[in-house]
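Residue numbers (UniProt numbering), protein chains in the order written: chain F, 1 to 341; chain G, 1 to 235.
Calculated from the structure, these hints are not laboratory results.
Just so you know, not all the hints are guaranteed correct.
[Unchecked claim] Under the rule of at most 25 Å between Cα atoms (straight-line distance), these lysine-lysine pairs were calculated in the PhoX-like manner:
(1) G:K196 x G:K171
(2) F:K68 x G:K102
(3) F:K289 x G:K218
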Amino acid sequence: MAKARVDLPPKGGFSFDLCRRNEMLTKKGIQLPGFRKTGTTIVGLIFEDGVILGADTRATEGPIVADKNCEKIHYMAPNIYCCGAGTAADTEAVTDMVSSQLQLHRYATRRESRVITALTLLKSHLFSYQGHVSAALVLGGVDVTGPHLHTVYPHGSTDTLPFATMGSGSLAAMAVFESKYKEGLTNCRDKCRRLEAELQLAGNCTSAAVRRSPVAEEGSREMVVSRRKRREIASCSSRLHLLREFGEWIRELAREDGIQLVGEAICSGIFNDLGSGSNVDVCVITKGKTDYLRNHQLPNPRTYISSRGYSFDRGYTEVLSTKITPLKLKAEVVENDAMEE
Amino acid sequence: MSDSQYSFSLTTFSPSGKLVQIEHALMAVGSGQTSLGIKAANGVVIATEKKLPSILVDEASIQKIQLMTPNIGVVYSGMGPDSRVLVRKSRKQAQQYYRLYKETIPVTQLVRETATVMQEFTQSGGVRPFGVSLLIAGFDDSGPQLYQVDPSGSYFSWKASAMGKNVSNAKTFLEKRYTEDMELDDAVHTALLTLKEGFEGQISSKNIEIGLIGTNRKFRVLSPAEIADYLAEVE
Chain F
1 MAKARVDLPP KGGFSFDLCR RNEMLTKKGI QLPGFRKTGT TIVGLIFEDG
51 VILGADTRAT EGPIVADKNC EKIHYMAPNI YCCGAGTAAD TEAVTDMVSS
101 QLQLHRYATR RESRVITALT LLKSHLFSYQ GHVSAALVLG GVDVTGPHLH
151 TVYPHGSTDT LPFATMGSGS LAAMAVFESK YKEGLTNCRD KCRRLEAELQ
201 LAGNCTSAAV RRSPVAEEGS REMVVSRRKR REIASCSSRL HLLREFGEWI
251 RELAREDGIQ LVGEAICSGI FNDLGSGSNV DVCVITKGKT DYLRNHQLPN
301 PRTYISSRGY SFDRGYTEVL STKITPLKLK AEVVENDAME E
Chain G
1 MSDSQYSFSL TTFSPSGKLV QIEHALMAVG SGQTSLGIKA ANGVVIATEK
51 KLPSILVDEA SIQKIQLMTP NIGVVYSGMG PDSRVLVRKS RKQAQQYYRL
101 YKETIPVTQL VRETATVMQE FTQSGGVRPF GVSLLIAGFD DSGPQLYQVD
151 PSGSYFSWKA SAMGKNVSNA KTFLEKRYTE DMELDDAVHT ALLTLKEGFE
201 GQISSKNIEI GLIGTNRKFR VLSPAEIADY LAEVE
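Next comes chain F alone, as it looks inside the complex (with noise of 0.2 Å):
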């Protein structure tokens, strides 16, 4: 007779079952295979009317450009879509299957999804695989509550927040937002160029986090300044008091202002960071409405000398030796009768 079917809840977690044979492997050699990260830049930034997320378009594997057009904004609900750093399987996993979830709860609540659900269904799964799961995700939306903009962490604590980026170019992307977020777009431009320049000389990352600080005036030596105050504002409750004070200037910022921003901090990621290249996607979510702009940005064109192809003169190529075989042909006439039909 047939056991009754009974539906278990699955036991989640990570299962410990291969560890030790994982290490045996190790011991005796055997390197463990390695995987594609995305060496990513990813944003997000909350405006007036909704959130605008941001992603290069460059997937690694080591040092190689394993895809140079891939898709790091990925779609959980109609209006919630979420970008994803660290690595490709596991960003584009845990993505679907939060959304097949955000699905079936849609059918039995008969209501849009919150950002927060998605939050919640993706930190949990995160924490019970204890960081083997390296997904590091920027989730936005729009939903009854209002637009909202998270970070996830692999090992799944979130933050939340009015911009954000992730990614191995988040510092580059962070300091364009810190810098031209401050005071609106409009009114200090001139100011904002100079301090990019700057921080564009600069050139690496580790500076680029010293200057992440509020800038009051321009000028180097505010800068200076700064890094002695580096230690309070690296530390957590300062970042997001510095943070709320922005809030206000977010709901002014214009869509196109915003969208912007969003391109340009992709872009500082793009041409600073090894890790992310190629193009920029912009989705655009407000309430109702989600526009997602598929290589909005494309900076780095290929370039073709000539579309006709390549004429090479004689001299391009040095000549160092010269050797004609010349191919003789035997031919033997024979006399015979005319062919006969």
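Fit chain G to the supplied structure of chain F, relying on the hints for placement.
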């Protein structure tokens, strides 16, 4: 009536070769509220009575016609709670199908999975068959489709079908009225007329439910206002 000696256990055949519990389940369906479905040339419509046990029940909170995927809807006759369980399982299976094949589930596949679940409950110990028959309406690449699934797990594709209390009258009516090249609007009118045939009391937009799917492949349940419009056209 030696059959009655075998009617207690689901998993025991009676001497006449029947599983009596399934017959009883079909009786439960037969005493449920009437529901019907019609397949038109460019869509499918399903409809059901929504008779509430008392006027005090908040009718806006109850929806008998449910969505399984954006392009597949379902209505039942029989025990409501059983249909809830089936709809929940089917929705999950549709999602799993999508996760596995990255393709929205075709109607036939979803019907097959639902029927498999219903069959499993006729061959296991300690469970009883579902006391519902489902009418599944969908529109996919193979066009509009209407399937009926019974408690035994068998399913058939129908051009038009009815189930529940008034099944014989309704089916006779549909046989007379059905034409192959019906349009969706005509099908809705025919469905309303069929429901009216055996309706006890006054038919209104508050005590029936209609769901339809057209070439846009989006299943939707009509609002009471839209039902009232259709009823007015039919009168």
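Violated hints - listed by number, lowest first: The structure breaks none of the hints.
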